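2 protein chains.
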Amino acid sequence: MNDTILLAHGSGGKLSHDLIEKRLLPSLTNPMLNKLDDSAIFQASGYLAFTTDSYIVSPIFFPGGDIGKLAVYGTVNDLSMNGAKPLYLSLSLIVEEGFPLSEFDHVVRSIKAAAEEAEVDIITGDTKVVNRGQVDKLFINTSGIGVIPFGIDISGANAKVGDKVILSGTIGDHGIAIMSQREGLKFSTPVESDCAPLNKLVAQMLESSSRIHCLRDPTRGGLATTLNEFARQSNMGIVIEEDKIPIKEGVKAACELLGFDPVYVANEGKLVAVVEPDDADKILAQMKQNNYGREAAIVGEVTNKHPGRVIMRTKLGHSRIVDMLSGELLPRIC
Amino acid sequence: MNDTILLAHGSGGKLSHDLIEKRLLPSLTNPMLNKLDDSAIFQASGYLAFTTDSYIVSPIFFPGGDIGKLAVYGTVNDLSMNGAKPLYLSLSLIVEEGFPLSEFDHVVRSIKAAAEEAEVDIITGDTKVVNRGQVDKLFINTSGIGVIPFGIDISGANAKVGDKVILSGTIGDHGIAIMSQREGLKFSTPVESDCAPLNKLVAQMLESSSRIHCLRDPTRGGLATTLNEFARQSNMGIVIEEDKIPIKEGVKAACELLGFDPVYVANEGKLVAVVEPDDADKILAQMKQNNYGREAAIVGEVTNKHPGRVIMRTKLGHSRIVDMLSGELLPRIC
Chain E
8 MNDTILLAHG
18 SGGKLSHDLI
28 EKRLLPSLTN
38 PMLNKLDDSA
48 IFQASGYLAF
58 TTDSYIVSPI
68 FFPGGDIGKL
78 AVYGTVNDLS
88 MNGAKPLYLS
98 LSLIVEEGFP
108 LSEFDHVVRS
118 IKAAAEEAEV
128 DIITGDTKVV
138 NRGQVDKLFI
148 NTSGIGVIPF
158 GIDISGANAK
168 VGDKVILSGT
178 IGDHGIAIMS
188 QREGLKFSTP
198 VESDCAPLNK
208 LVAQMLESSS
218 RIHCLRDPTR
228 GGLATTLNEF
238 ARQSNMGIVI
248 EEDKIPIKEG
258 VKAACELLGF
268 DPVYVANEGK
278 LVAVVEPDDA
288 DKILAQMKQN
298 NYGREAAIVG
308 EVTNKHPGRV
318 IMRTKLGHSR
328 IVDMLSGELL
338 PRIC
Chain X
8 MNDTILLAHG
18 SGGKLSHDLI
28 EKRLLPSLTN
38 PMLNKLDDSA
48 IFQASGYLAF
58 TTDSYIVSPI
68 FFPGGDIGKL
78 AVYGTVNDLS
88 MNGAKPLYLS
98 LSLIVEEGFP
108 LSEFDHVVRS
118 IKAAAEEAEV
128 DIITGDTKVV
138 NRGQVDKLFI
148 NTSGIGVIPF
158 GIDISGANAK
168 VGDKVILSGT
178 IGDHGIAIMS
188 QREGLKFSTP
198 VESDCAPLNK
208 LVAQMLESSS
218 RIHCLRDPTR
228 GGLATTLNEF
238 ARQSNMGIVI
248 EEDKIPIKEG
258 VKAACELLGF
268 DPVYVANEGK
278 LVAVVEPDDA
288 DKILAQMKQN
298 NYGREAAIVG
308 EVTNKHPGRV
318 IMRTKLGHSR
328 IVDMLSGELL
338 PRIC
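Note that the protein sequences, when read in sequence, are chains E and X.
So in the numbering used here, spot 126 of the first sequence is number 133, and the numbers just go up one at a time.
So in the numbering used here, spot 295 of the second sequence is number 302, and the numbers just go up one at a time.
Next comes chain E alone, as it looks inside the complex:
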């Protein structure tokens, strides 16, 4: 029984302190976290971004990542989508009694590696343990704080007529990776989750142009949902070209097999940018220099026709409305 999480690890007492001091601090160490006060203290000034996300993905280990990596990158990306430079994360774990300590350690190592890649510090945290059967293995919440450089104003409400829509790479990788793992599907080319930190890509985009109007990572609900959010928030229409949207062969095949429309499938390492038309090529060229933007493409543009609606021009030359996802494609995707 000593190699699993016990209820007493969540007691606030001796075993809680052991878990923190022996299994969390050694990996995540930094002066702010190490103080172990009720809050962490940091100095800041200017415009700050604040975000939160709970991660409930099942299975917790999947091709291309795990829940720990996802929890760090997901929150780093949410901050980045306001143009913020992510600085600090909180980490809150809800663990099922009986969860193997070896898997706990694996997730903590993943969190450490992900935080290092994204150059953020985890400065405050919390661990709760729930009785067996009352939570499925491990849920993670990360909240994050970032600083917004002077002059940046990015919002889903800022799309203007004529703006170009840039997508940073292939769609649907994360959703199909989770689905395949969950259902034991095998494809000739295995699909891996795209989960990745996008903060440096965003920083480079902002260096190349100050006229980036909207940014968002199309996670749950996929590309279609993000574009619909922009269309609604900005009260503009958006037209996208199906044949411009990058998609991996394996993802396309899986979607056909499973009856999914890839524009609704979740991504965890992609972004959609709505940018000033004159700067679009420059931004695109810059994105292609970054490992996470290599396959970026201009996929559409903003129009004042059909405000609030997204239209796709299909490969066959037809137009169809791409609505927000209704119903649930795949629960527990992130």
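The reader is advised that the hints may include incorrect statements.
For identical chains, the list gives no copy identity; a pair is met inside one copy or between any two copies.
What the hints assert, rightly or not - Computed cross-link-like contacts, SDA-like style, restricted to lysine to any residue with a CA-CA straight-line distance of at most 20 Å: (1) Lys-42 <-> Val-154; (2) Lys-92 <-> Lys-312; (3) Lys-92 <-> Met-39; (4) Lys-29 <-> Leu-337; (5) Lys-42 <-> Ala-164; (6) Lys-29 <-> Ser-109; (7) Lys-21 <-> Ile-328; (8) Lys-21 <-> Asp-10; (9) Lys-42 <-> Ile-159; (10) Lys-42 <-> Asp-160; (11) Lys-29 <-> Met-39; (12) Lys-289 <-> Pro-107.
These aren't lab readings, by the way, just hints derived from the structure by calculation.
None of these values were measured; they are calculated from a predicted model.
Since chain E is already given, all that's left is putting chain X on it; use the hints.
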């Protein structure tokens, strides 16, 4: 089925937006939250405090409160314990498929009322839905940001020899309220949870003296665990007097019946302060003016004997070591 949470409420798509726009925004409305971007943006400067906590309490409704109230006050209190003025919270909900919408609305109303009492805004959030049986009803994470007034330096590591230990009121109320509800125990005087926001109490204490060295709310693990944390972090000893510790008759009776030591039972509206001896009476008098400090008392002092250890002088005149809680008294208490 329309009166319960569906998996599609967590899809990121249409029903997610409905849930947010119809059931969360109307209650929690403020300009930062209403923007619905991936992060909320606020302006700040100076020293900020950042904290996180996940709430998994069972049952979610209990005498004196519910999980929503607890989630707001708990995080407000964690910020306050660094001397910070709480400003902003994030709110992340993990809901079980099939959870009644009426109970969801009840919790949201509670969150709204609690945020109003504590004068904090919820500026960013996230909602996930998990399949039936994979989470127990509802878990909530709140993270919080506060600003630390100039010159404040409060930490569990700051206790000095001779400092007085002040407790803000009776101990064990929250733990016994949860336990009674869970086990269907009836006492002649029903015990209610003490869950309450302590930020105004702390602000008043700080107005009366700048020499408050440590502050912490004794939640999981109770008074004993908090005092042990101070003793360890400050490398000092602490001596407390059993007969000075305020405790309700009902809590005392329940603890005797259940075999609990009240110093280990959780509180959700109490604080422990370690203060400069010369200022102790002044601070105490100030605390008694506040509704949440009416029964405050000086319960002990800091010594350089037995560093890292807490000793209690019992009513019978003996001394005993009060160690950190080992094992688990009561799972899912907060």
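Hint by hint, which ones does the structure fall short of? Hint check: 2, 4 and 12 fail, others pass.
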